[in-house]
Amino acid sequence: MRKALLPLLSALVALTALVVAATGTAGSSTTTAAQAPTSADTALVRCGRTRTIGVAAPITGAAASIGSQQGRWARYWVTRYNRAHKKTKFRAVVGDTQLPDTAQAIQVAERLASNSSILGVVGPAGSQEVQVTTATFKSAGVAFVSGSATRTSLTTDGTRRGYFFRTVPNDDQQGPRVANYIRGTLRHSRVAIVDAQNSYSTGLSDTVQRLLRARGVNVQRESVNEADTTDFSSLAARIPANTQSVYIPWQLAPKAQLFGQALRTQGKRAILFGSDGLFDPDSFKIPGSFVSFFPIDLRNGIINAYRKGPGRGKSELFGLPSYQAAAVVGEAIDRACKNGTATRAEVRGQVNKTNIPRRRSLLGFGIRFVQRPAGVLGRGDMGTPANFGIYRISANGTYVRVS
Amino acid sequence: MRCALIAPEVLREFRAVPLSFNAELFIQLLVNGITLGSLYGLIAIGYSMVYGILKLLNFAHGDVYMIGAFAGYAVLSLLGGPLSPNIALAPLILLMFLGAMLVSGLLGVVIERFAYRPLREAPRIAPLISALGVSFFLQNSALLLFGAQFRSYNSFVLGSSNPQFFEPGPLIDPVFTVHNVNIQTVQVLVFVVTIVLMAGLTLFVAKTRVGKAMRATSFDREAAAMMGIDVDRVIASTFFIGSLLAGAAGVMFGLLFSQVFHFMGFLAGLKGFTAAVVGGIGSIPGAMLGGLLVGLAESFAAGYLGGRWSDLTVFAILIVVLLLRPSGLLGTRAIQKV
Amino acid sequence: MQTGGDIPEVPGRPDERDRPRVGVDEWVASHDERLADRAGFGKLGRWIDARVPPWARLLIFAAFAATLPLWMSRGDLFVYGIFTLIYILLGLGLNVVVGYAGLLDLGYVALFGFGAYFYALLDSPKYGLHWPSAVSIPIVVASTALLGLILGVPSRRLLGDYLAIVTLFFGQAFVVFVNAANPRNLTGGPNGLADIDPNDLFGYELVTRKQQYWFILGVVLLVLIGLYFLSESRTGRAWRALREDPLAAEAMSMPVNRLKLLAFAFGAAIAGLTGCLFAAVLTAVTSGNFALPILITIYAVVILGGIGSLTGVVIGAIVINVSFQFLAPENSQTNARILFYGAVILLLALGVKPLWRLALVLAGAVVFGLVAHAIASGISESWTNGVVVEGGRLAHVISEWVIIPTGHQRFANAAYLALIVLVLAVTRIRGWLQTALLIPTVYLTAVVWETSFVEEPAVARWILFGALLVFLMTVRPQGLLGTPRVEIV
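Residue numbers (our numbering), protein chains in the order written: chain A, 10 to 412; chain B, 40 to 377; chain C, 511 to 999.
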């Protein structure tokens with residue numbers, strides 16, 4: 010059976026050759042970044058016909074149901090752009106960050122950053138991911154625009170100034186909006202808050218809890234692992250019958266639906282109040298609930314086209330800000346590429362100068378980034394009028410904007 | 040030092056517990072625990088049976104359960120979808136169960152044939168990686184085929200007179216009420232189906248030829264082979280039955296909690312494995328008992344302690360059980376070597 | 511051994527036919543002969559084992575590894591270089607527990623996490639401590655070893671899989687503890703601990719990826735040397751005796767309990783050390799870094815490489831990490847396509863003999879595709895109007911050969927399921943029928959790649975990775991470099 014060794018070895022050699030050939034082509038485009046990582050910032054890239062944006066989203070793993078929406082919406086911007094433009098094209102390089110394992114996020118960031126054809130990045134999704142990837146993106150000079158990282162300090166602590174941007178209002182914009190509505194408009198005085206034991210949720214919960222308590226509301230704080238829990242009846246059993254509303258800043262709308270059903274079957278009438286992560290008319294439809302979300306136009310043609318196309322029948326609105334983030338990055342690259350070449354530094358500057366008017370924005374307001382930090386807004390946040398509206402879920406499950 | 044850090048936290052959490060005994064809460068949690076426990080028990084049986092015969096931890100079992108849940112969903116969609124089913128509710132659910140059980144049963148046989156049989160003489164730990172490979176494969180195949188979104192059985196409005204307005208369907212109707220706690224039809228259904236399947240399995244293992252062959256094989260594979268038992272066939276049928284029960288559990292999960300998604304098998308598999316070990320791995324009634332224990336522990340910890348410490352408490356309870364009875368509740372201490 | 515040439519295609523043992531069904535003594539007796547017969551990876555592995563002395567292996571590895579930063583881009587160095595080294599370290603630690611002492615420890619990743627978190631507490635703005643690595647790393651390693659010792663205590667009472675489940679609980683409890691319980695915000699909860707200092711070499715901070723890589727490489731080499739001497743020592747031999755047969759070891763009056771605890775402590779120490787390096791490289795730790803997926807990866811590294819073999823761990827880590835990263839979606843899809851088709855043809859070349867049969871299959875697949883394409887486009891234009899994703903120069907060829915309908919979800923799903931059935935069938939059938947079946951199988955592989963995998967490269971990566979694990983394990987049940995052990999029942 011010595012014969013068998015020969016083909017096997019030759020196969021190994023052939024495979025190695027193949028591997029080298031495949032990486033060789035990829036490697037040649039990345040050598041500039043490899044030799045001088047510090048000068049990646051100012052390295053000139055010939056824009057050419059096809060420009061590249063990076064997308065970092067949790068496509069697989071526990072957070073896949075929201076991450077894949079972001080990936081699809083970001084790629085949908087590329088598809089639409091390529092359809093509309095004859096001369097220039099975009100391509101998206103999508104990395105899978107597999108939230109909650111931030112080690113994967115940083116690997117994706119390193120990869121995207123050292124691919125010198127990538128001039129800007131959409132994502133990453135989670136605030137903790139933004140935190141761990143900052144050093145990588147900064148040292149490579151890449152602008153990164155997240156569509157879902159809401160922790161306030163990401164912009165206000167100043168360490169990511171000029172590099173990090175987001176197309177979603179931060180916790181300290183959303184929190185007060187919700188607290189005001191619960192206390193001011195609904196006049197509730199007995200509220201429960203259930204955080205989902207992740208970075209996004211605890212941040213919002215803490216903010217809203219602080220604001221409500223300051224205004225004399227009796228707040229009961231609960232906590233549940235939204236991703237791992239399937240049986241919410243025990244949590245529902247902990248909510249007292251006289252609680253008027255339950256604030257649930259979660260990201261998995263189907264789980265909120267389960268929790269709502271568990272409350273109803275136990276005969277509890279508390280109103281659910283969801284955060285932007287729960288805006289999903291396909292999944293979360295407990296009548297009488299509230300959700301805070303962008304003041305979008307649900308009949309928008311692009312959203313409908315997405316629903317019929319890549320969404321496979323769902324609007325997947327959680328990914329909407331990622332579409333907008335892709336637009337921010339893509340248009341910035343286009344502007345930087347006017348003279349045929351661009352640097353990452355130029356692109357960062359152009360991202361900062363973003364000015365998308367309301368009629369071209371899917372989010373319901375124009376997008377401009379704050380230039381002077383003020384209060385809860387830091388550099389990289391969207392300036393006024395960017396904020397959430399409040400929606401109420403009507404008896405037949407449709408979402409109606411009430412504020 | 041660690042303990043000193045935890046203690047005040049735990050105390051504060053305990054203070055949040057309602058001091059007066061609340062019968063309503065207790066019964067609610069009991070019902071939740073039993074339904075959840077039945078599910079875990081059914082998954083655990085698959086683990087236990089396979090382990091009994093092959094001494095193999097079949098980590099792909101949770102994903103077989105997930106595929107079962109999706110098969111049930113596929114049947115539901117083929118018959119018109121949850122909001123406007125073409126046939127009456129009872130035969131619909133029956134067909135979903137049958138479809139899911141068939142699909143997962145066959146899947147179990149295929150997995151055994153292609154991923155485990157070639158490794159039967161290998162070191163015991165080797166099939167573990169093969170099992171993980173199968174698990175990755177199944178999980179992501181479901182992701183590819185069905186997408187990442189949660190698919191809904193919509194059992195809340197299934198068979199409802201007016202699903203558009205979210206009138207709860209007949210599955211949610213209370214069968215009876217204890218201390219203001221409604222026991223829903225679906226909960227009774229899950230419990231009854233579990234009991235029926237368990238009884239059927241026990242009879243099967245005790246009375247039929249295949250069942251006897253299974254017991255013989257799990258006692259001593261070599262000796263069984265010498266007695267003329269076709270070991271390969273017995274192992275295949277063990278996988279078929281274990282996976283079939285997992286498929287049934289998948290549909291039950293869909294009916295109970297509406298949502299099915301590609302990642303559901305991972306955690307459920309872990310719970311099933313836990314239940315099997317706590318009950319005494321290799322023992323069928325042990326698996327059921329283990330499932331109930333895990334379900335009840337989870338439900339009561341979540342209800343009385345709240346989210347932050349409940350999972351840790353469940354682990355602590357199970358570790359104590361195992362330290363007190365190192366071979367599980369109903370397990371017999373295996374003789375390692377003769 | 512007439513089937514030896516088909517190794518990659520045969521799911522069963524190459525010597526299945528000779529394997530006695532009843533009684534294994536004969537099989538055991540002929541063990542060495544059959545070993546000598548076995549070709550391929552095993553042969554290569556045994557050749558390495560027998561001919562290349564350990565110091566030469568170490569030297570080759572060190573020489574090759576040290577050059578990586580000279581020709582790799584920063585990103586590639588990070589994902590291929592640094593992470594492979596981290597997996598090697600983790601694998602080495604686990605190998606002490608599982609490979610040497612034979613204890614199924616599923617809580618191993620928690621020790622890794624403990625080390626990382628502890629380092630983060632000692633070297634981050636959290637409590638304003640910025641201890642030099644020369645102080646903090648030894649402290650962390652010592653305390654992780656102590657924790658491992660404590661975790662090992664129940665191992666005295668629990669056997670086999672019961673130990674596995676208790677340690678698994680410990681691992682899960684760790685994740686819940688740092689993420690949800692988070693007493694007094696010690697662990698930062700879901701936000702984790704951030705801005706962790708880099709490791710320093712007596713005051714010199716290692717900030718660039720190259721410096722970090724070389725530092726970790728140095729640590730890996732030191733650990734490898736240390737473990738080599740340990741495994742050849744009295745304790746190492748005692749561990750292996752314990753793994754092979756705990757009962758006999760005890761009968762020989764070996765201190766079984768003490769040996770087990772020592773193995774736990776040793777494995778834990780390496781895990782703690784890795785935690786320090788990992789936290790410093792990542793600059794932030796969260797509970798998600800220490801969840802089950804990484805435990806699975808480490809086990810795959812150890813088992814695939816060959817339990818109990820140091821060289822095996824190194825090779826296992828390289829195979830696992832490199833293949834996983836190679837399938838990453840952020841690699842160019844055009845290259846991925848060439849690689850994929852190349853791999854399919856290679857696999858066929860290995861499995862289909864003789865050569866004319868292979869040519870028949872390939873030519874058949876081409877013709878089959880052209881006919882199928884013609885029929886499909888004859889039925890309706892929309893059946894073949896789909897867009898080739900990232901086609902590059904091949905786009906035109908592909909669009910003329912592969913059926914890509916517009917809005918093809920259902921078609922893609924059907925093709926995927928059909929492919930699975932066909933592949934399974936092909937591995938079971940022999941002769942002419944197999945050759946005939948291979949033709950549509952090859953074509954369907956192309957269809958599935960073009961309609962499903964290119965669209966979802968992140969998902970395809972996991973599917974291919976899973977299939978690869980099953981394939982490797984069925985071909986080499988004892989791991990790439992493991993010695994095949996016969997379990998006498």
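Calculated from the structure, these hints are not laboratory results. Using N, Cα and C, we set each Cβ at its ideal position, and we do this for glycine too. Take these hints with a grain of salt, some might be off.
What the hints assert, rightly or not - Calculated from the model, a selection of chain C residues having no Cβ within reach of chain B, i.e. all distances over 12 Å:
#1 673
#2 745
#3 852
#4 888
#5 892
#6 950
#7 965
To be verified - Straight-line C-alpha distance at most 30 Å; calculated DSSO-like pairs for lysine-lysine:
#8 A:147 to C:636
#9 C:863 to A:147
#10 A:362 to A:98
#11 B:246 to B:94
#12 C:636 to C:720
#13 A:317 to A:98
Hint by hint, here is what the structure shows:
Distance check for residue 673 of chain C against chain B: the nearest CB is about 9 Å away, which does not clear 12 Å, and the non-interface claim fails. For residue 745 of chain C, the non-interface assignment is confirmed: its Cβ lies about 22 Å from the closest Cβ of chain B, beyond the 12 Å cut-off. Residue 852 of chain C, annotated as away from the interface, keeps every beta carbon of chain B farther than 12 Å; the closest lies near 22 Å. Annotated as non-interface, residue 888 of chain C keeps its C-beta farther than 12 Å from every C-beta of chain B; the closest such distance is 28 Å.
At the 12 Å boundary, the C-beta of residue 892 of chain C stays outside the reach of chain B, the nearest C-beta of that chain being 22 Å off. At roughly 19 Å from the closest C-beta of chain B, the C-beta of residue 950 of chain C stays outside 12 Å, upholding its exclusion from the interface. Distance to chain B contradicts residue 965 of chain C as a non-interface residue, since its nearest Cβ pair spans about 9 Å, not more than 12 Å. A hinted pair counts as satisfied when its Cα atoms are at most 30 Å apart, and residue 147 of chain A with residue 636 of chain C qualifies at roughly 22 Å.
Straight-line distance between C-alpha atoms of residue 863 of chain C and residue 147 of chain A comes to about 54 Å, which puts the hinted pair past the 30 Å bound. The hinted pair formed by residue 362 of chain A and residue 98 of chain A meets the criterion: a straight-line CA distance of about 22 Å does not exceed 30 Å. Proximity of residue 246 of chain B to residue 94 of chain B is assessed by CA-CA distance (about 24 Å); at most 30 Å being required, the pair is judged to hold. Our distance criterion of 30 Å between C-alpha atoms is met by residue 636 of chain C and residue 720 of chain C, whose separation comes to about 27 Å.
Our distance criterion of 30 Å between C-alpha atoms is met by residue 317 of chain A and residue 98 of chain A, whose separation comes to about 23 Å.
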